[in-house]
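A.B. asks: When you get a sec, could you build the whole thing from the sequences and use the hints?
There are 2 protein chains.
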Amino acid sequence: MTVAIPIQRLSSQDANFKPKLLASLSLPMADDAAIDAAVVNILKQVQSEGDIAILNFTKQFDRLNVNSVAELEISKKDLEQAYLQLSPEQKSALDIAAQRVRTYHEQQRKEAGCHSWEYTEKDGTRLGQKVTPLDRVGIYVPGGKAAYPSSVLMNAIPAKVAGVQEVIMVVPTPDGARNSLVLAAAWIAGVDRVFTIGGAQAVAALAYGTKTIPSVDKIVGPGNAYVAAAKRRVFGTVGIDMIAGPSEILILCDGTIDPDWIAMDLFSQAEHDELAQSILLCPDATFIEKVQASINKLLPEMPRKQVIETSLKNRALLIQVKDMNEACDIANAIAAEHLEICAANPRQWAEKIRHAGAIFMGNYTSESLGDYCAGPNHVLPTARTARFSSPLGVYDFIKRSSMIEVSEAGAQTLGQVASTLAHGEGLQAHARAAEMRLKK
Amino acid sequence: MTVAIPIQRLSSQDANFKPKLLASLSLPMADDAAIDAAVVNILKQVQSEGDIAILNFTKQFDRLNVNSVAELEISKKDLEQAYLQLSPEQKSALDIAAQRVRTYHEQQRKEAGCHSWEYTEKDGTRLGQKVTPLDRVGIYVPGGKAAYPSSVLMNAIPAKVAGVQEVIMVVPTPDGARNSLVLAAAWIAGVDRVFTIGGAQAVAALAYGTKTIPSVDKIVGPGNAYVAAAKRRVFGTVGIDMIAGPSEILILCDGTIDPDWIAMDLFSQAEHDELAQSILLCPDATFIEKVQASINKLLPEMPRKQVIETSLKNRALLIQVKDMNEACDIANAIAAEHLEICAANPRQWAEKIRHAGAIFMGNYTSESLGDYCAGPNHVLPTARTARFSSPLGVYDFIKRSSMIEVSEAGAQTLGQVASTLAHGEGLQAHARAAEMRLKK
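Chains as they are written, first to last, in this note's numbering: chain F, 1 to 440; chain P, 1 to 440.
In short, the hints are calculated from the structure, not lab data. It is possible that some hints are incorrect.
Copies of the same chain are indistinguishable here, so a pair counts whether it falls within one copy or spans any two.
Unchecked claim - Only pairs whose alpha carbons sit at most 20 Å apart, straight line, appear in this in silico EDC-like list of lysine to aspartate or glutamate:
id: 1; residue 1: K130; residue 2: E106
id: 2; residue 1: K130; residue 2: E111
id: 3; residue 1: K110; residue 2: E121
id: 4; residue 1: K297; residue 2: E435
id: 5; residue 1: K313; residue 2: E289
id: 6; residue 1: K440; residue 2: D260
id: 7; residue 1: K18; residue 2: D323
id: 8; residue 1: K305; residue 2: E435
id: 9; residue 1: K439; residue 2: D258
id: 10; residue 1: K44; residue 2: D32
id: 11; residue 1: K297; residue 2: D258
id: 12; residue 1: K18; residue 2: D135
id: 13; residue 1: K352; residue 2: E166
id: 14; residue 1: K352; residue 2: E118
id: 15; residue 1: K122; residue 2: E106
id: 16; residue 1: K352; residue 2: D135
id: 17; residue 1: K59; residue 2: E49
id: 18; residue 1: K130; residue 2: D329
id: 19; residue 1: K439; residue 2: D260
id: 20; residue 1: K305; residue 2: D273
id: 21; residue 1: K440; residue 2: D258
id: 22; residue 1: K130; residue 2: E351
id: 23; residue 1: K439; residue 2: D123
C.D. replies: Written as structure tokens, this is what we have:
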């Protein structure tokens, strides 16, 4: 059975193409005052009542009736059991994925400047930076339908590679339903402690600490609108990662690939949720027709066809471009989370890309390989934020301190300069502090 | 004339020392609903009316009556003129400071992982990250009393070292009063364009763009409560740096230094504003008394004595500790913006410090040298955020894209793993996209 899925078509030659394109990218900001007010109340209660508030909210929202927060902790033994009880196939797949993610992030630690450095000037003055891992990190893992073991690996492993001593995971288990793949992933990733709490109350517990749940220095991981609002509110008390928007894929294709593959790659983005966005840029009108035919043919076979269809109808774009050079320009304007380059020599086009969360090169690099096991992180900047932000990485779990040791000789020359500039800014104590170190 | 400045004393042996200390550190969050509402209105008007809104707000708040936003731009020629008209002493001081800040950040670019990297696996799969500078950055520079040319250098130079093509500076000039040192610093730092606008309207112009003012990808730089609220609101549309709290200094001292130097270093923090915080940790009770005496003696000489006195009375702490080891533990709990270690062998204590924005080692390294010309950045994490964040640096003006090129052979092994994991998460299109690349 073939159906016709109407997908919006654009051409780069259309009048007003650029504003039309940018308008199709943006979603109204989810800025819900009711959610924010509820979250403020939850944060306040957890801050003032600690464990008692956690017990009450967990009873109210997840229907878990326990007498102490300690009962909400999952022991390491239980995590290990979850892992040991996986099927051999699942165990092997999780092991391989974890090992590849670890290898990639270990390389990243070496290459991405996660080490201390220092240099010495002629007069003996020494300058540099000291790199230190964060002490303790919290990972939020959603419960229910969006419970992804792969996200546990992608959030916890970079923290451990960075040298974070203690990784605390929170995951809601409504009605006590535990996801054994998620717990197994926590075991493999080396998560130190797991609490079955969720929502804004879990974010509050991690940010402020309670008697039982230790406070952390940074909270990462995806969550619903309440979790996102809570993370925004505690930012400053703790660090947070980016607040993610709906997932997006942009495919640049020169038409030299099986159109079924392109259709399935578009589906794999669309199946995440109705707001996910899938876009194809291609110079070949005939190939675009073939992709549309593949979409029509393949959709009825997909178990998540309703989500996919809604996403494609409302948010997908099939865009005809002049040539691959123009496709690269448009890709830079879109700054997509996932960018697939399906073309004969993908590197020639990748070189022209300035803005993308991840670039998947060549016909064999389906985005789904990157989601699970290629190695790079699948937590990526959405909603055009790839213009200024990066994939989650080891660098998100370290921080730097400037190291400054001015020699006595150095203080003589620098002291004159600082004194002049401080007087220029009207900060005389700054000037005097420098002048006191000058030899009389 | 000697006055007695009452400064709070603590001892690490006091009952409830730790909670008392932490309570003295925190300030009530400046979370002003009226300011936020005013800012939301300004952002909306600039977003919808562009240049016209900028002209209206600049007339209203800065009393500048011009007919076009173009008239609010300061030409490069005018920046150069401001530089050429400096006194030889000021010119030389700014030149030296800029050169030292540039040299340090060039070294940082090399050491702190601001380069692309890639590795190839046995089956030909290539993985890595591509580093790209941001396209365009906005720098907010306050007008009036807190107009600091040193801040222009510290914000603009790392952006330029990172390779940012266009740096746009905004600086309010109420009643048309221009600060020639600020403009000269913009010239030296290589700022590309300067607009004399300020407040939330300037943040909005940079975030959304107007006909005359180009939109940027990230906004950095300090500002008042309106500017801070506006930066929080536009975060996501553009990147922002941290929202800075009042400045702080923590001095670890073993008592082997002139107490006048310590007093002046405490003053140089306190003179910033009444909320600034200065703390001394010292194992030697007699030395603490000497510092108190130096404070009493030196304060009357200071032009900014009223600000200093208010800051010291309300927020300073003189803390007696058991020994320098304990001082390091307490320093880690405080996680200060500026940490001075005035001790015989400062490096032995610096090694124990995990959390600090900048560490100033040795008696000759006054914090004020770091503020102006040592080279490291003076934009540092405040309010205990050094637990999870870093000084402003070249790494804030680049971002990374993951690079993934899976070979045909790689797609065979990775495809199996991805398929298993995707089915485990109920994402069948992800699985199919991987399976399609498997050889039949």
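A.B. asks: Confirm or reject each hint.
C.D. replies: Comparing the hints with the structure gives:
With identical chains, the CA atoms of K130 and E106 are at most 20 Å apart both within one copy (19 Å) and between copies (16 Å). Proximity of K130 and E111 under a CA criterion of 20 Å is satisfied in both settings, with 16 Å inside one chain copy and 11 Å between copies. Within a single copy, K110 and E121 get their C-alpha atoms only as close as 26 Å, which misses the 20 Å cut-off; across copies the closest is 17 Å, which meets it. Taking the shortest alpha-carbon separations for K297 and E435, only the inter-copy value of 17 Å comes in at or below 20 Å, while the best intra-copy value is 79 Å.
Taking CA atoms no more than 20 Å apart as the test, K313 paired with E289 passes inside one copy only; the shortest distance there is 16 Å, against 75 Å between copies. In this homomeric assembly, K440 and D260 come within 20 Å of each other (Cα to Cα) only across copies, at 15 Å, whereas the closest approach inside a single copy is 81 Å. In this assembly of identical chains, the alpha carbons of K18 and D323 lie at most 20 Å apart only when taken from the same copy (16 Å versus 65 Å across copies). Taking the shortest alpha-carbon separations for K305 and E435, only the inter-copy value of 18 Å comes in at or below 20 Å, while the best intra-copy value is 73 Å.
In this assembly of identical chains, K439 and D258 lie within 20 Å of each other by CA distance solely across copies; the values are 14 Å between and 77 Å within a copy. In this assembly of identical chains, K44 and D32 lie within 20 Å of each other by CA distance both inside one copy and across copies; the values are 19 Å within and 17 Å between. For the homomeric pair K297 and D258, the shortest alpha-carbon distance inside one copy (14 Å) is at most 20 Å, but the shortest distance between copies (83 Å) is not. Taking identical chains as interchangeable, the C-alpha atoms of K18 and D135 lie at most 20 Å apart only when they sit on different chains, with a minimum of 18 Å there against 46 Å within one chain.
In this assembly of identical chains, the alpha carbons of K352 and E166 lie at most 20 Å apart only when taken from different copies (19 Å versus 40 Å within one copy). Taking the shortest alpha-carbon separations for K352 and E118, only the inter-copy value of 17 Å comes in at or below 20 Å, while the best intra-copy value is 34 Å. In the homo-oligomer, the alpha carbons of K122 and E106 lie at most 20 Å apart only across protomers (18 Å), although the nearest pairing inside one protomer, at 35 Å, exceeds that limit. Within a single copy, K352 and D135 get their C-alpha atoms only as close as 39 Å, which misses the 20 Å cut-off; across copies the closest is 14 Å, which meets it.
For the identical chains of this complex, K59 and E49 are intra-copy neighbours only, at 15 Å inside a copy versus 49 Å across copies, given an alpha-carbon limit of 20 Å. Proximity of K130 to D329 under the C-alpha cut-off of 20 Å is restricted to the inter-copy arrangement: shortest distance 17 Å between copies versus 39 Å within a copy. Taking the closest pair of Cα atoms, K439 and D260 come within 20 Å of each other only across two copies (15 Å); inside a single copy the shortest separation is 78 Å, beyond that limit. Taking the shortest Cα distances, K305 and D273 sit within 20 Å of each other inside one copy (11 Å), while across copies they are farther apart (61 Å).
In this homomeric assembly, K440 and D258 come within 20 Å of each other (Cα to Cα) only across copies, at 15 Å, whereas the closest approach inside a single copy is 80 Å. For a Cα distance limit of 20 Å, the shortest separation of K130 from E351 across copies, 9 Å, qualifies, whereas the shortest one inside one copy, 33 Å, does not. In this homomeric assembly, K439 and D123 come within 20 Å of each other (Cα to Cα) only inside a single copy, at 15 Å, whereas the closest approach across copies is 65 Å.
Hint compliance for this structure: every hint is met.
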